[in-house]
Amino acid sequence: MQLPVMNLVDLPPVEAGIKRFEFKVDEVGPLGLRFSGGFPPMILAVLPDTFAQKKKIPANYEVHAINGLPMVPENRDAVMSFLKSRPVIIDLRPLGWKPQFVLQELEKRKAREEVERLAKVAIEEQRRVQVIRETAEETERQAAEKAAAAVQEKAEHAVALKRAVEERHKLREKEEAFKKAMALDPKEWYAAAAEVMEADYGSDIKITGRRGLPLRVMTRRKEVSWLWNGEAQELIGGGNPDEWTETE
1 MQLPVMNLVD
11 LPPVEAGIKR
21 FEFKVDEVGP
31 LGLRFSGGFP
41 PMILAVLPDT
51 FAQKKKIPAN
61 YEVHAINGLP
71 MVPENRDAVM
81 SFLKSRPVII
91 DLRPLGWKPQ
101 FVLQELEKRK
111 AREEVERLAK
121 VAIEEQRRVQ
131 VIRETAEETE
141 RQAAEKAAAA
151 VQEKAEHAVA
161 LKRAVEERHK
171 LREKEEAFKK
181 AMALDPKEWY
191 AAAAEVMEAD
201 YGSDIKITGR
211 RGLPLRVMTR
221 RKEVSWLWNG
231 EAQELIGGGN
241 PDEWTETE
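Under the numbering used here, the first residue of the sequence shown carries the number 1, and numbering increases by one thereafter.
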């Protein structure tokens, strides 16, 4: 069957990335191309001193269309038969080539993935900022609590110190009053009290001028103490109390 004469102007323009080559009627003979046996056919080599070499057809390109018919499985036999006729128009595509609509869809998908990635990054950044803020707030709260506790402890210490000083002053006043009362007692009583405390247990002691001694004349001796309900007791002025030391 005689094929119709084709011309470049009769075909739609090629898509981006496609290379078009035309072999005219007077270019009779082998094209100078060696194709692979797979599908789509790929140009394995361009033979020297041929029409293909003169037209600078690249090797390692796939056949995209012949005479405007796409290289698809159902068109393979008819399309490849065009190579024996003239004129013939061959469209070639590089390995990995994709139609424009596929590239656009890939770009859209890539854009969506980028938007999702940026959204995740924003969420992670927001979470990181929140953690930093919460950590700073917790640190500030703990510092405030520590400062408040220190102030309260200092205030409680001051109150306790004031109370202790007041109690100490009251005790000293009682001791001074007791000493003044004791200073009015006869000295003979204290001599007799010393004799009583140093006497052997069970011995008889005679006190001149009276039948006994008031207990207060013995209160300056540390031995004058007793137990009451399991607690050690002493008379005012008895024992050897520790000196009060004020602290901050």
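Because the hints were derived from the structure by calculation, they are not lab data. Glycine included, each C-beta is placed from N, C-alpha and C at the ideal position. Hints should not be assumed to be uniformly reliable.
[To be verified] List of simulated lysine-lysine pairs, DSS-like, C-alpha gap at most 30 angstroms: (1) LYS54 / LYS24; (2) LYS162 / LYS187; (3) LYS179 / LYS154; (4) LYS98 / LYS19.
[As the list claims (entries may be wrong)] Label pairs and their calculated CB-CB ranges: (5) GLU153 / LYS179: 30 to 40 angstroms; (6) THR135 / VAL115: 40 to 50 angstroms; (7) VAL14 / ILE132: 55 to 65 angstroms; (8) ARG172 / LEU215: 35 to 45 angstroms; (9) ILE132 / VAL102: 36 to 46 angstroms.
Going down the list of hints, with the structure as the test:
At most 30 angstroms may separate the alpha-carbon atoms for a hinted pair to count; LYS54 and LYS24 meet this at roughly 13 angstroms. In summary, the hint linking LYS162 to LYS187 is not supported, as the alpha carbons are separated by about 38 angstroms, beyond the 30 angstroms threshold. Using a Cα cut-off of 30 angstroms, the hinted pair LYS179 and LYS154 is violated, with the two alpha carbons roughly 37 angstroms apart. Note on LYS98 and LYS19: the hinted pairing holds, with a Cα-Cα distance of about 14 angstroms set against a maximum of 30 angstroms.
Hint check: GLU153 to LYS179, Cβ distance near 38 angstroms, so the stated range 30 to 40 angstroms holds. The hinted window of 40 to 50 angstroms between THR135 and VAL115 is violated, with their beta carbons roughly 30 angstroms apart. About 56 angstroms separates the C-beta atoms of VAL14 and ILE132, a value consistent with the hinted range of 55 to 65 angstroms. Between ARG172 and LEU215 the Cβ separation comes to about 22 angstroms, which falls outside the hinted range of 35 to 45 angstroms.
The supplied range of 36 to 46 angstroms is met by ILE132 and VAL102, whose beta-carbon atoms lie about 44 angstroms from each other.
Hints 2, 3, 6, 8 from the earlier list are contradicted by this structure; the remaining hints agree with it.
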